[in-house]
Amino acid sequence: LLALPPAVPDSTALRSIVLLTMAVSLTLTDLRCQWLPMRYTVAFWLAGLVSAALPEAVLKLPEALTASVTAFALSGAVRWLANLRQAEERMGLGDVYLLAGLCAWLPWRTVCYAAGGGLLLCCLCAVLTRQTSKPFAPALFGYLCGVCLFFPQQLAGVL
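Residue numbers (the working numbering): -18 to 140.
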């Protein structure tokens, strides 16, 4: 981040640093425990809404709030359907809050692509390791990191 061109606003650099810091902590927690504590995911969600309120944000606060509440409702419905009549939980509540929080940080379309790519990456890891239970946050943020590294033009102007 020290090598950022001078045209990058300070608020964009701040948003990027906070998003990276929170993504790393969520990923490591999900890898270690295979659950995301609500205090982490709600903090991630609120930080995304605060970042939308900063000047020069690509996603304005009303849009971020609408998208994140919609994502919470939709992913909550998917969680309810996935866990219906199952003995063990298939999709955790932390994943619902994670997707809602990501919608506060990034535009809706980007989150849909990231969730789809993360789901495919999670399925690939499950097939390769022959384990049926895999944490979602590492796959989601791993996919986003891959897009940032190999296809940066896809995320240009997103933060």
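Simulated from the structure, these hints should not be mistaken for lab results.
Among the hints, a few may not be true.
Quick list of simulated restraints, FRET-style, between CB atoms [unchecked claim]:
1) PRO36 <-> GLN134: 20 to 30 Å
2) SER(-8) <-> CYS129: 10 to 20 Å
3) PRO43 <-> GLN15: 15 to 25 Å
4) GLN112 <-> PRO36: 36 to 46 Å
Don't be surprised by glycine CBs; every beta carbon is placed ideally from N, CA and C.
Enumerate the violated hints, using their earlier numbering and listing them in ascending order. 3
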